[in-house]
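Participant: Sequence order for the protein chains is A and B. First residue of the first sequence: 17, per the numbering used here; consecutive thereafter. First residue of the second sequence: 17, per the numbering used here; consecutive thereafter.
Quick caveat, the hints were computed from the structure, so don't treat them as lab data. None of the values given here were measured: they were computed from a predicted structure. Treat the hints with care, as some may be off.
Which copy is meant is left open, because identical chains are indistinguishable; a pair holds if it fits in one copy or across any two.
[Claimed, not checked] In silico lysine-lysine, DSS-like type, Cα no more than 27 Å apart, as pairs:
(1) 109 to 311
(2) 151 to 300
(3) 313 to 109
(4) 304 to 109
(5) 304 to 68
(6) 19 to 304
(7) 341 to 148
(8) 148 to 69
(9) 315 to 45
(10) 299 to 249
(11) 45 to 69
(12) 151 to 341
Protein chains: 2
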Amino acid sequence: MKKVAIGVDVGGTNTAFGAVGPEGNVMVKNNIPTPRHGNINQYITDLADAIKKMISSLTEQNKDLKILGIGIGAPNGNYYNGTIEYAPNLSFKGVVHFVEMLRPHFSEHEAVVLTNDANAAAIGEMIYGGAKEMKNFVLFTLGTGVGSGLVVNGELVYGHDGFAGECGHTTLVPDGRLCGCTALGHLEAYCSATGMKRTAFELLSYYNATDSILADKSYNELDSKMIYEAAKKGDSIALEVFEKTGAWLGQGLADTVHHLSPEAIFLFGGVTAAGDLIFEPTKKSMEKYLLPIFKNKIKILPSELKPGDAAIVGASALVWKELEK
Amino acid sequence: MKKVAIGVDVGGTNTAFGAVGPEGNVMVKNNIPTPRHGNINQYITDLADAIKKMISSLTEQNKDLKILGIGIGAPNGNYYNGTIEYAPNLSFKGVVHFVEMLRPHFSEHEAVVLTNDANAAAIGEMIYGGAKEMKNFVLFTLGTGVGSGLVVNGELVYGHDGFAGECGHTTLVPDGRLCGCTALGHLEAYCSATGMKRTAFELLSYYNATDSILADKSYNELDSKMIYEAAKKGDSIALEVFEKTGAWLGQGLADTVHHLSPEAIFLFGGVTAAGDLIFEPTKKSMEKYLLPIFKNKIKILPSELKPGDAAIVGASALVWKELEK
Numbered sequence: 017m018k019k020v021a022i023g024v025d026v027g028g029t030n031t032a033f034g035a036v037g038p039e040g041n042v043m044v045k046n047n048i049p050t051p052r053h054g055n056i057n058q059y060i061t062d063l064a065d066a067i068k069k070m071i072s073s074l075t076e077q078n079k080d081l082k083i084l085g086i087g088i089g090a091p092n093g094n095y096y097n098g099t100i101e102y103a104p105n106l107s108f109k110g111v112v113h114f115v116e117m118l119r120p121h122f123s124e125h126e127a128v129v130l131t132n133d134a135n136a137a138a139i140g141e142m143i144y145g146g147a148k149e150m151k152n153f154v155l156f157t158l159g160t161g162v163g164s165g166l167v168v169n170g171e172l173v174y175g176h177d178g179f180a181g182e183c184g185h186t187t188l189v190p191d192g193r194l195c196g197c198t199a200l201g202h203l204e205a206y207c208s209a210t211g212m213k214r215t216a217f218e219l220l221s222y223y224n225a226t227d228s229i230l231a232d233k234s235y236n237e238l239d240s241k242m243i244y245e246a247a248k249k250g251d252s253i254a255l256e257v258f259e260k261t262g263a264w265l266g267q268g269l270a271d272t273v274h275h276l277s278p279e280a281i282f283l284f285g286g287v288t289a290a291g292d293l294i295f296e297p298t299k300k301s302m303e304k305y306l307l308p309i310f311k312n313k314i315k316i317l318p319s320e321l322k323p324g325d326a327a328i329v330g331a332s333a334l335v336w337k338e339l340e341k
Numbered sequence: 017m018k019k020v021a022i023g024v025d026v027g028g029t030n031t032a033f034g035a036v037g038p039e040g041n042v043m044v045k046n047n048i049p050t051p052r053h054g055n056i057n058q059y060i061t062d063l064a065d066a067i068k069k070m071i072s073s074l075t076e077q078n079k080d081l082k083i084l085g086i087g088i089g090a091p092n093g094n095y096y097n098g099t100i101e102y103a104p105n106l107s108f109k110g111v112v113h114f115v116e117m118l119r120p121h122f123s124e125h126e127a128v129v130l131t132n133d134a135n136a137a138a139i140g141e142m143i144y145g146g147a148k149e150m151k152n153f154v155l156f157t158l159g160t161g162v163g164s165g166l167v168v169n170g171e172l173v174y175g176h177d178g179f180a181g182e183c184g185h186t187t188l189v190p191d192g193r194l195c196g197c198t199a200l201g202h203l204e205a206y207c208s209a210t211g212m213k214r215t216a217f218e219l220l221s222y223y224n225a226t227d228s229i230l231a232d233k234s235y236n237e238l239d240s241k242m243i244y245e246a247a248k249k250g251d252s253i254a255l256e257v258f259e260k261t262g263a264w265l266g267q268g269l270a271d272t273v274h275h276l277s278p279e280a281i282f283l284f285g286g287v288t289a290a291g292d293l294i295f296e297p298t299k300k301s302m303e304k305y306l307l308p309i310f311k312n313k314i315k316i317l318p319s320e321l322k323p324g325d326a327a328i329v330g331a332s333a334l335v336w337k338e339l340e341k
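So that you can see chain A by itself, here it is in the shape it has in the complex (with noise of 0.2 Å):
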């Protein structure tokens, strides 16, 4: 009997999921809108409907599966209540209780968990990842915002309330950028995707650099990766933007092992592709802040999750997490 969990990954426009097994190979997967209408009966209704759709259709290959359960990454999901709560990004409003809904259609599976979208990344690095053998490590998770997953003693850290682990909300300019949370200085408004295109902006005005191939563009044209094909051209304004950010991103790391110590810090996303232009300024300003008992102890690693299936695997991790217990 091959065991397989299924992953959901509850984005702003798409919901996709899979079905994943034991090693983190995706087996089959599909997608629905994440609807606009706000209704959400409707969508967990479309939504159990699909996954069914698709257990079936995997089943009817293969005899002899075992569906364990239901993994649920999305935007400020709460593991501890099963709950997603004020996500801006969705039309569903106020706290939505998405696992007591979906679970009645799956009520012959063992688990149906919920968290969100960083943390589930982070289960998915230890379940399938680069920390399988770790027991004390971080995720970061770089795209529109920054998120993050902690894991201490082998176990995420969800906190006194489920809210755990917003460190791209930790102030690393007292008074800077204005952050999406309406808060000033806060690490995301620095280190996401977003954040590095209000970088390159604040530097084109800067050095008034009209012969910058990132000059041409509109800042709603701009992104990260216009930014990264620039800076392997040569391009001085987007080379000094992976500089600048890995310096803004190695002083909140250093904040980060100075609370939790661990033998590891992974990044996620896109803006990790740029490799050692993200990398090396990161590492660099990371163990210019940190005390000299944690000089050249801690590591800087790209999760070794596959970019396109991350979130869906990541989320079909919790399956697993949760059965160990």
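We have chain A; now place chain B onto it with these hints.
Facilitator: For chain B alone, coordinates are given in the frame of chain A:
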């Protein structure tokens, strides 16, 4: 049979020790100088003899006592290895195998265990103090330096190497004040008792405040207690020192909340005697930096450990915690 744990507080000048009952009551205590001679073998022998003498005097009076073990709080103490590592204020250099050396003197007891002073205080708070019912909390010690102990899921966070919980060395002000660890802008350089003195001198200079009570003290004379006394008399410089210290500390505590989402943060140390003068600006500042999901949820509380005996009591709590396992 009444159970008792021995607590040992290794300080720069004195090593205090006492026998502590299950309610955190110190039954008897004593101390020896922490020597400057750097001879660790001699010190361990002297300490063991003094503790044994105290135990004998105690058991002569109470025949039905059972001494469970010895808990040690020490600067740069490492729980995993039972070592004191590169403690800047002690004459014993390098890595000192404290537990390994003390253990043979107390082979009849169940536990000999060591951690750093702030971790010991956090465990003391959990076993005897205000955190008895809490599974997720944080304690900050505000003294000459700033230490911290973090508790997640009812367990102290030691990290992968035993050195977690150095929140005093998170960065508050990039390129800010020189910290004792040689980095710039760390929390300890702003929020410790020493940090308050530094702030007072900055403010005296800034305002050229010749009429402040603090203006008649030299840098080496001034301490945080004098700042408190001046603040009680309405001295505007002293009052602003508390405002600014609270603002900085609140920024740091918000970073910790974003990591761990604790139920409460306990503040410990002489500075906390100032009550609302320090708690109010700290709370106000922390709230300013917090994500909406955390606002008005996290308590900032004074430690319930009694100042005089807290270090001994905290160290003794290590034994109770160890025997829970």
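Participant: Now, for every hint given, state plainly whether the structure supports it.
Facilitator: Hint-by-hint comparison with the structure:
1. 109 to 311: between (45 Å within a copy, 19 Å between copies)
2. 151 to 300: Within one copy only: 25 Å inside a chain, 36 Å across chains, cut-off 27 Å.
3. 313 to 109: The answer is between: 21 Å across copies meets 27 Å, while 44 Å in one copy does not.
4. 304 to 109: between (43 Å within a copy, 24 Å between copies)
5. 304 to 68: Intra 52 Å, inter 45 Å, cutoff 27 Å: neither.
6. 19 to 304: neither (46 Å within a copy, 47 Å between copies)
7. 341 to 148: both (17 Å within a copy, 25 Å between copies)
8. 148 to 69: The answer is neither: 32 Å in one copy and 49 Å across copies each exceed 27 Å.
9. 315 to 45: neither (33 Å within a copy, 44 Å between copies)
10. 299 to 249: within (23 Å within a copy, 49 Å between copies)
11. 45 to 69: Within one copy only: 11 Å inside a chain, 71 Å across chains, cut-off 27 Å.
12. 151 to 341: both (15 Å within a copy, 18 Å between copies)
Comparing the model with each earlier hint shows violations of hints 5, 6, 8 and 9; every other hint is respected.
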